[in-house]
Amino acid sequence: MKTINKYKLFEPTWCPGCGNYGILNALMRSALELNLEPHKIVIVSGIGCSGRINNYFKCYGIHGTHGRPLPIASGVKLANPELSVFAVSGDGDAYSIGMSHFLHTVRRNPDIVYLVVNNQVFALTRGQASPTSNLGFISVSTPYGTKEYPIDGIKLALAAGGTFIARGFSGNIPQLVRLIKKAIKHRGFSFIDILSPCRVHNKVQDYNWYRKNIINLDEDPSYDFGNKQKAWERINTFEKIPTGLIYVEEKPCWEDLILGKEKAMSHLDLKPEKYDYNPLLKEFY
Amino acid sequence: MVKKDLSIMISGRAGDGILFTGNLLAKIFKRKGLEVFTFRDFPSNIRGEPTAYTIRASEEKIFGPSQEIDILAAFDCESVLRHLNKVNYNGFVICDSSEQIKIDSTLKKKRKIFNIPIKRLARESFGREIFKNVIILGVLSHFLRLEFNLISKIIEETFLQKKGREIVEKNLKGLNLGKNEAKKLIKEIYQITLPTKKDKNRLLITGDEAMALGALIAGCRFFSGYPICPASEIMEWLARKLPAYNGVVVQTEDEIAAIHMVFGASYAGVRAMTATSGPGFSLMSEGLSLAGMTEIPIVIAYVQRVGPSTGMPTKNEQGDLLQSIFSGHGDFPSIVISPATIEDCFYLTGEAFNFADKFQCPVIILTEQLYGQNYQTVKEFDFTKIKIDRGKLIKSENLIKDKPFLRYKITKDGISPRVIPSLERGIHMVEGNEHEETGYRNETPLIKEKMTQKRMKKLETALNYLPKPIFSGNEKAEIGIIGFGSTFGPIQETKKILIEKGLQTQTMHLRTLWPLQIEILKKFINSKKIVFVIEYNFSGQLYFLLRQLVKPSIELKNIRKFNSEPFSKYELVEIIEREINP
Chain U
1 MKTINKYKLF EPTWCPGCGN YGILNALMRS ALELNLEPHK IVIVSGIGCS GRINNYFKCY
61 GIHGTHGRPL PIASGVKLAN PELSVFAVSG DGDAYSIGMS HFLHTVRRNP DIVYLVVNNQ
121 VFALTRGQAS PTSNLGFISV STPYGTKEYP IDGIKLALAA GGTFIARGFS GNIPQLVRLI
181 KKAIKHRGFS FIDILSPCRV HNKVQDYNWY RKNIINLDED PSYDFGNKQK AWERINTFEK
241 IPTGLIYVEE KPCWEDLILG KEKAMSHLDL KPEKYDYNPL LKEFY
Chain D
1001 MVKKDLSIMI SGRAGDGILF TGNLLAKIFK RKGLEVFTFR DFPSNIRGEP TAYTIRASEE
1061 KIFGPSQEID ILAAFDCESV LRHLNKVNYN GFVICDSSEQ IKIDSTLKKK RKIFNIPIKR
1121 LARESFGREI FKNVIILGVL SHFLRLEFNL ISKIIEETFL QKKGREIVEK NLKGLNLGKN
1181 EAKKLIKEIY QITLPTKKDK NRLLITGDEA MALGALIAGC RFFSGYPICP ASEIMEWLAR
1241 KLPAYNGVVV QTEDEIAAIH MVFGASYAGV RAMTATSGPG FSLMSEGLSL AGMTEIPIVI
1301 AYVQRVGPST GMPTKNEQGD LLQSIFSGHG DFPSIVISPA TIEDCFYLTG EAFNFADKFQ
1361 CPVIILTEQL YGQNYQTVKE FDFTKIKIDR GKLIKSENLI KDKPFLRYKI TKDGISPRVI
1421 PSLERGIHMV EGNEHEETGY RNETPLIKEK MTQKRMKKLE TALNYLPKPI FSGNEKAEIG
1481 IIGFGSTFGP IQETKKILIE KGLQTQTMHL RTLWPLQIEI LKKFINSKKI VFVIEYNFSG
1541 QLYFLLRQLV KPSIELKNIR KFNSEPFSKY ELVEIIEREI NP
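From first to last, the protein sequence lines are chains U and D.
Quick note: the first sequence uses my numbering, first residue 1, plus one each step.
Quick note: the second sequence uses my numbering, first residue 1001, plus one each step.
Think of the hints as simulated: they come from the structure by calculation, not from any bench.
One should not assume that every hint holds.
[Claimed, not checked] Straight-line Cα separation of at most 25 Å, DSS-like style, residue types lysine-lysine; simulated pairs:
id : chain 1 : residue 1 : chain 2 : residue 2
1  : U       : K8        : D       : K1403
2  : D       : K1403     : U       : K6
3  : D       : K1401     : U       : K6
4  : U       : K274      : D       : K1403
5  : D       : K1392     : U       : K40
6  : U       : K182      : U       : K228
7  : D       : K1395     : U       : K58
8  : U       : K8        : D       : K1409
9  : D       : K1061     : D       : K1112
10 : U       : K2        : D       : K1403
11 : U       : K274      : D       : K1409
12 : D       : K1061     : U       : K282
13 : U       : K40       : D       : K1395
It should be emphasised that the depicted structure is a prediction, and the values quoted were computed from it without experimental measurement.
The task is simple: from the sequences and hints, build the whole structure.
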């Protein structure tokens, strides 16, 4: 089957116009173009609207706890590096409750693709402000506007030693497919922050707002995504939000550093007679 | 003088190197064929505060420390004053004469005090005070007539590879120095002789090490954890050993990550474990609930310390019994097993992985600091006793083409088939929301009810497989004693003393704490006239469980201690006697 139908499961029930539709579609197209078999894919999702993705994408799926898809995905990847492991979070999942896991996973650099569906609001819980909401954003939890400055996952990832940092926009699917495919091919932690309008709970940042406020680095031939200094300068230039490939670096991924020589741990024969355990006792005599 | 059961306390300040001296001494006694149990009484700081390490050596099997000291070897006079009341009236005190110490004769009783300039000798001979540790060992070697060759062999084993020949020689020199100095003061009449037995097929091991070893042999190849007293040693031991067996240890950013990483690894097919203590376990509870809901096997070694909050991180308590059982939101099955002895730490951990795989739920190995961080001599572990049973983990050929794999199939025993992800026909969903048999989300009332029943059914199924209690004593006795974990030693010794006093008892030591073995408990309790429930906590958590769930026909007497110290030899005896003959 050479269509994305082989990944289709249930009909999505996201709200009409939700950015998640585009992201799901981009992920299916990327998987198809790279020939990933559903049974070799594990998608670990967090809690939030984006977490529903497992109901719509046919593969091995885990819909776990709020903020924890990265530790779960890390465990899966270390256990069996032959699997293509994806983690999907919202901005609340990634940058609020799961912030610590986000930074530590970035620095460990496992070969996982991490998609953060960033709609700058807690949508599933009906519209509270999130850590990426702009200052002054009015929501049910911030009726007088947020009094907190937003954080930017891209900057955090760069500071934490990220090896693949990109930003997509759910209104630009061709670019998103290109980014996800590169992310899958990148050996290391591939992080894509995806700007994704929530039409119900964030009336400020809608598709038009994003189209006006983003620039596409992929279209700028002078931009060098291999230069960390330049990347840092670029993401700190405030006139518009940069999208596209922001920074890429090759360095050994976590599995290369931590795993033994044998095949995946998940398929080891554990029968005690297979191993020489007796040397372990020496220190206790 | 021959001593068949001897306790030596080495005391000083944190940073003095007391652990070194004590561990060598423990090893010496072990090689002499004696039964050993160590007792760390350390503060939770690195340097400065008073610490004590007691090594008990006995001709007969022992299961815990003694709270009575025969020899106190102290590096400073404050230690002498602090611990003198624990020293037997006709016991001995070796203290550093660099500090002038005056002990009132009413306090001193008949205890004999030897003043030896340990620190001065170390400074003069080596220029470094740290050698006081081996000098005091030299003093003790004369005092206890320990074979020089045996000690020098152990010193060589300890230092030659790690630190080189020069350090070995220096230590041997220090050993001789201490020995010669002791000869001048400790005359033959004071010398103590310990029995010697054959040291064959025995180990000197801590509970933490025994659990780590048990996990490895049981096929655990993935460990993630966060450092915490008194469980870190499990991670540290596995970090040294697992790589050679193609395994991995990850030190995570917190306990939440630790349990979720174990969850992910176990889902993907590896036998995986984490280890923690009270504060860390509190953080793990959301992961516990997830594993319960999604029926992913996980193993947690839970080494209790004194709570609440940071409490006393290096001390012993059983105050987390109820947290270990009822932690996590919602109804889900989890199994709590509890090693009766340090030896049991190995075997129960080996079993824990089978329970986790078979019943697809969290399995908690609940123990305490007293076992986790102290050494005991045990019979060499029989690795062939560890069998690997992965339960209903099914292979590709058992999966049917074009039919959805029912990962959460409702079965009689509540246990559903499981696959390792990567099988074409095994695709399924692991869903923290309520789900139907395929694993996909379904929040209808009927499904919720059926799936809850299915999950909880596994506890009933598990009940027959879980570790049985250890019974000892006279079956016909009218007095019963129930305990779990580190009360084993005191209860066994109490039973012995009571027999000497003509009182028959039968003891029951629980090794499965959840699900509670109600029928076995009922039978035991109802066969007695009086039953004592012994535990180290204020609220009587085991007593609470037994009263609520076993509903015994007789009144249970709850004996609780919660000052962080274990029961001393006669403490329980006195309380029990008082209850019986008021």
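Does the structure keep K274(U) and K1409(D) at a Cα separation of 25 Å or less?
Violated: K274(U) and K1409(D) sit about 33 Å apart, past 25 Å.
Going straight from one Cα to the other, do K8(U) and K1403(D) come out at no more than 25 Å?
It holds: about 16 Å lies between the C-alpha atoms, which stays within 25 Å.
Checking one constraint from the list: CA of K1392(D) to CA of K40(U), max 25 Å. Satisfied?
holds, 22 Å
Distance restraint between K1401(D) and K6(U), which requires alpha-carbon spacing of 25 Å or less:
Given pair K1401(D), K6(U) holds - Cα atoms ~15 Å apart, limit 25 Å.
Would you check the hint for K1061(D) and K282(U), treating anything up to 25 Å between C-alpha atoms as holding?
Distance ~22 Å between K1061(D) and K282(U) Cα, so the pair holds.
Need the status of pair K274(U), K1403(D): alpha-carbon distance at most 25 Å?
Violated - the C-alpha atoms of K1403(D) and K274(U) are around 36 Å apart, more than 25 Å.
K1403(D) and K6(U) were given as a pair; does the straight-line alpha-carbon distance stay at or below 25 Å?
Roughly 15 Å between the alpha carbons, so the hint for K1403(D) and K6(U) holds.
Would the pair K1395(D) and K58(U) pass a check requiring their Cα atoms to be no farther apart than 25 Å?
With a Cα-Cα distance of about 20 Å, the restraint between K1395(D) and K58(U) holds, given a limit of 25 Å.
Pairwise hint evaluation, K1409(D) against K8(U), where the allowed Cα distance is 25 Å at most
Between K8(U) and K1409(D) the Cα gap is close to 23 Å, so the pair holds against 25 Å.
Given pair status - K1112(D), K1061(D), alpha carbons within 25 Å
violated, 29 Å
Against the 25 Å threshold, does the CA-CA distance of K2(U) and K1403(D) hold or violate the hint?
holds, 22 Å
Would you mind confirming whether the straight-line C-alpha gap from K40(U) to K1395(D) stays at or under 25 Å?
holds, 16 Å
Hints 4, 9 and 11 from the earlier list are contradicted by this structure; the remaining hints agree with it.
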